[in-house]
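Trainee: What follows is the residue order along each chain.
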Amino acid sequence: AQKITQTQPGMFVQEKEAVTLDCTYDTSDPSYGLFWYKQPSSGEMIFLIYQGSYDQQNATEGRYSLNFQKARKSANLVISASQLGDSAMYFCAMTLYAGKSTFGDGTTLTVKP
Amino acid sequence: NAGVTQTPKFRILKIGQSMTLQCTQDMNHNYMYWYRQDPGMGLKLIYYSVGAGITDKGEVPNGYNVSRSTTEDFPLRLELAAPSQTSVYFCASSYGPTGNSNQPQHFGDGTRLSIL
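Line by line, the protein sequences are chains A and B. If you count by the working numbering, then the first sequence holds residues 1106 to 1218, one letter each, in order. If you count by the working numbering, then the second sequence holds residues 6 to 121, one letter each, in order.
Possibly wrong hints are sitting among the right ones.
Stated by the list, open to error - Covered by chain A, according to a simulated footprint, are these stretches of chain B (three or more residues, beta-carbon under 8 Å): (1) 19-29; (2) 50-56.
As the list claims (entries may be wrong) - Beyond 10 Å from chain B on every Cβ pair, some chain A residues (computed): (3) F1117; (4) T1165; (5) Q1174; (6) T1207.
None of these hints come from the bench; they were simulated from the model. Just so you know, even glycine gets a beta-carbon here, dropped at the ideal spot from N, CA and C.
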């Protein structure tokens, strides 16, 4: 069975600094996708970034980048130049080819002015 | 551009009552999902569907049923509501197989359900 582990329940970062949110995963399936979503206090789920299991390069989307280390089964999210609006809960998720998805328990990020 | 629409947004049920949470999407997505999110926790997959007529259990299917008669609709049924089913329920959809392809899930706004 697949599993996602996010070991940081809460993180603080100073505005304009970078922060790394940790995510490790476990699956025996060779084909999978890793996703990060943001959930602000308003409750909606916002897609941030994707990394495929066969991708050779780390994904980047604007201020978001994904540090993908396949051998360690980790997919950490890096947010550069943090903004106050980045304060939210962040979820790491994995989806297998057949569609079954697993989410981590999330990390609450607070950006300090 | 509606995306994924969930109704109702809020509901209070009494123990033992039944209800259906509605979910519809207008993006012609093949894959649809139901999740529950307990306070301060991540999303747990209840059921998912890879196309009309095909459904499969997720991590926490007990106490729930689904059907997928059309591409657009994926209702979630609670037959005998229990306090443990108090949660926020999210419906999501994606275009195709999301494993190893950049097909993120698009989420509805959620249904906040309380069972008293």
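Trainee: Decide, hint by hint, whether the structure agrees.
Mentor: Hints, verified against the model:
1. 19-29: This one is violated; 0 residues, fewer than the three required, reach chain A with a Cβ under 8 Å.
2. 50-56: holds (count 3)
3. F1117: 17 Å, holds
4. T1165: Non-interface label stands for T1165(A): nearest chain B Cβ at 13 Å, farther than 10 Å.
5. Q1174: Its Cβ never comes within 10 Å of chain B, the nearest being 17 Å, so this holds.
6. T1207: T1207(A) is in fact no farther than 10 Å from some Cβ atom of chain B, at 7 Å.
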